[in-house]
Amino acid sequence: MIYDVVVVGAGSNGATAAYFLAKRGFKTMLLEVSREPGSKCHGATEYAPTTFHGKSRPELAELMKKVIKNIPHLHPGDLGRGGFHYYVNRENRVVFKFHTEAPGDGWKETYGLNNPDFVSGLVEESVKAGVTLKTGTSVVNVLRSKGKINGVITDRGEEIKARLTIAADGRISRIAKKIGLLKKWEATRCWYQYGETWKFRSEEEMFEYVDYGRHIFFGSTITPPYHWQACTLTLRPGGIVTVNAPTSWTPVSDVLKAKKNPRNVYMRNLYNLMEVKRMLKPCKGFPDRPIQRQSTFMPGPPLQKPYMDGLIICGDAGGVGGICGQGYIAANYVAPLLEKGDLSEEALAGYKTARLLRGVELKSEHDEVSPTMLYFWTRGAGFGEYHGCSVDEMVENMRIAASPFILGAPRPDKVGEFGYVELGSWIIATKINYILTLYSPFLRSPNIFPRILKWVQKNQESFNKNKVFDHPF
Amino acid sequence: MGHSIATEESFIKINATRCNGCGNCIIVCGGEVFEMKRKKARVARLENCLECGNCEVACVRDAITFQIPRGGKGISYRYG
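Chains as they are written, first to last, in the working numbering: chain A, 1 to 473; chain B, 474 to 553.
Some clues are possibly wrong.
Stated by the list, open to error - Computed Cβ-Cβ distance ranges for the label pairs, DEER-style:
| id | chain 1 | residue 1 | chain 2 | residue 2 | range |
| --- | --- | --- | --- | --- | --- |
| 1 | A | N70 | B | R491 | 46 to 56 Å |
| 2 | A | M1 | B | M509 | 24 to 34 Å |
| 3 | B | D535 | A | R278 | 23 to 33 Å |
| 4 | B | M509 | A | R278 | 34 to 44 Å |
| 5 | A | E159 | B | E520 | 45 to 55 Å |
| 6 | B | A517 | A | M1 | 39 to 49 Å |
| 7 | A | M1 | B | A489 | 14 to 24 Å |
| 8 | A | K259 | B | T538 | 22 to 32 Å |
As the list claims (entries may be wrong) - Calculated pairs, BS3-like style, for lysine-lysine (alpha carbon to alpha carbon, straight line, at most 27 Å):
| id | chain 1 | residue 1 | chain 2 | residue 2 |
| --- | --- | --- | --- | --- |
| 9 | B | K486 | A | K260 |
| 10 | B | K546 | A | K260 |
| 11 | B | K513 | A | K134 |
| 12 | A | K177 | B | K546 |
| 13 | A | K260 | B | K512 |
| 14 | A | K146 | A | K55 |
| 15 | A | K257 | B | K510 |
| 16 | B | K486 | A | K257 |
| 17 | A | K134 | B | K512 |
| 18 | B | K486 | A | K177 |
| 19 | A | K148 | A | K128 |
| 20 | A | K257 | A | K284 |
Since the hints were derived computationally from the structure, they do not count as laboratory data.
Positions of the beta carbon are idealized from the N, C-alpha and C atoms, including for glycine.
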């Protein structure tokens, strides 16, 4: 049997691609390495179908809502986003707010979900839509004939033939490496994230301790910085708390150069804070053993060539991340080509730009993960439009979120060189970047951060006078 | 809750002749999987592996090969 499409990897993007292709009537096979779909996904995310996709991809927003309806989540609009942020006001006092008090209605339809739950629900939906799912199967190689890829070989030696292969096998993509589209991930361009997950004895108990948590963590109300940049403590269904360390903006190469892993220092200092201790004390295993550790790469840099004759690389595997969005884009891009029957390299080449959000043109791989590009990404995601705020307001919001770092508000010490300082300076850099776009190549240099920090410290007084740290809400 | 299912063989392979003992894998690993023995890295606690692939990226000599373990093995996350 020859399938129209074989999708490797039943993650959020793979399953979404499979779902929409099956909906459009193509015979689709979905392969997954784990026995239970979703069980290789860790952590939790804020799912905001309306904010992200409501206007541009209503079909996808509908699918996500359908999935979310069937799985446990914290009530939207209450602790939907489940995080906290704080800022420093004019009197230099730290003020705390919930995420969900953000302007606009977008976050009211935001749900804090555990990723495994969401992905398994999504895979279920795609099976209902007619996808053939095969779990416990890893792909060892692709099938080729006459230079064209026409399927995959599994670890049991089974050959699965398909007209098109979509490789959505995650950040460390074996397929991309096997077929030579990827030589090696370069340590200078790799960012990673480290987090820990704790569990309260019950959800009720978690809410009892929420007040302690307010004193410590923040995240911006409008991205960036999103939770992977900032340290966040987020509450999840089932009394689960995830703690993410702000190491994700440190390239692996910098960590190696320093000969130490900042997350160790960070976590140790974090759990020594009184407020954290009080909040996490009723968690199982505190402070020695979280129920889960997670360590992962952030997607990027995007592969310069995410396509081959009869194959495309989708989502994190191709270095462009996103929850479901990339799968949807891939499905939409290949559907007309499948109908026409033209799956040559030339026809699939357009996927390279189609996968990116509007208005972004790739110059080099490095561009894509620079602050400038991330900033434009979020613009592309329609945050500004959705919240009805200007670019300036957006950047302002980002800066406010980072101000505690810069002004020395309570924080775990001695992580400055990687975590806080870099983050804060980065946001300032983005602001300057926006004003002086001419200097953007210059701002990409890592040496700029200490200099910007100095500038901020020097002008701290005038910031306070000018009410710069007054939060808009 | 994350728990690890024992695998019959290691899915992280270290080429001992290539390894120069720089210790990069130990620095980046979030699960303390590696340890140094006679100036060579070795996999000491495979069951801790979080399957992120950091080690392969960090290895300057390309001595480490990381492969997501075969179906039904390795880490499995479950909450609630």
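Each hint tested on the structure:
1. Taking the beta carbon of each, A/N70 and B/R491 are about 49 Å apart, inside 46 to 56 Å as hinted.
2. With their beta carbons about 50 Å apart, A/M1 and B/M509 fall outside the hinted range of 24 to 34 Å.
3. The given range of 23 to 33 Å is broken by B/D535 and A/R278, whose C-beta atoms sit roughly 46 Å from each other.
4. At about 38 Å, the beta-carbon gap between B/M509 and A/R278 stays in the expected band of 34 to 44 Å.
5. Range check, A/E159 to B/E520: Cβ separation about 33 Å, and the 45 to 55 Å hint is violated.
6. Between B/A517 and A/M1 the Cβ separation comes to about 45 Å, which falls inside the hinted range of 39 to 49 Å.
7. Range check, A/M1 to B/A489: Cβ separation about 44 Å, and the 14 to 24 Å hint is violated.
8. In this structure the hint that A/K259 and B/T538 lie 22 to 32 Å apart at CB holds, the actual value being about 24 Å.
9. With a C-alpha separation of about 23 Å, the suggested pair B/K486 and A/K260 falls inside the 27 Å cut-off, and the hint holds.
10. Distance hint between B/K546 and A/K260 is unfulfilled; the C-alpha atoms sit about 30 Å from each other, more than 27 Å.
11. With a CA separation close to 39 Å, the supplied pair B/K513 and A/K134 exceeds the 27 Å bound.
12. Between A/K177 and B/K546 the CA atoms are separated by roughly 22 Å; this keeps the pair inside 27 Å, and the hint holds.
13. Among the hinted pairs, A/K260 with B/K512 is consistent with the structure: their alpha-carbon atoms are about 18 Å apart, no more than 27 Å.
14. For the suggested pair A/K146 and A/K55, the alpha carbons sit about 43 Å apart, so the restraint of at most 27 Å is broken.
15. A hinted pair counts as satisfied when its Cα atoms are at most 27 Å apart, and A/K257 with B/K510 qualifies at roughly 22 Å.
16. Of the pairs offered as hints, the one joining B/K486 and A/K257 holds, with about 24 Å between alpha carbons and a cut-off of 27 Å not exceeded.
17. With a C-alpha separation of about 43 Å, the suggested pairing of A/K134 with B/K512 is violated against the 27 Å cut-off.
18. Distance check on the hinted pair: B/K486 and A/K177 sit about 17 Å apart at the alpha-carbon level, within 27 Å; holds.
19. Pair hint A/K148 plus A/K128 does not hold up; C-alpha atoms about 31 Å apart against a cutoff of 27 Å.
20. Between A/K257 and A/K284 the CA atoms are separated by roughly 35 Å; this puts the pair beyond 27 Å, and the hint is violated.
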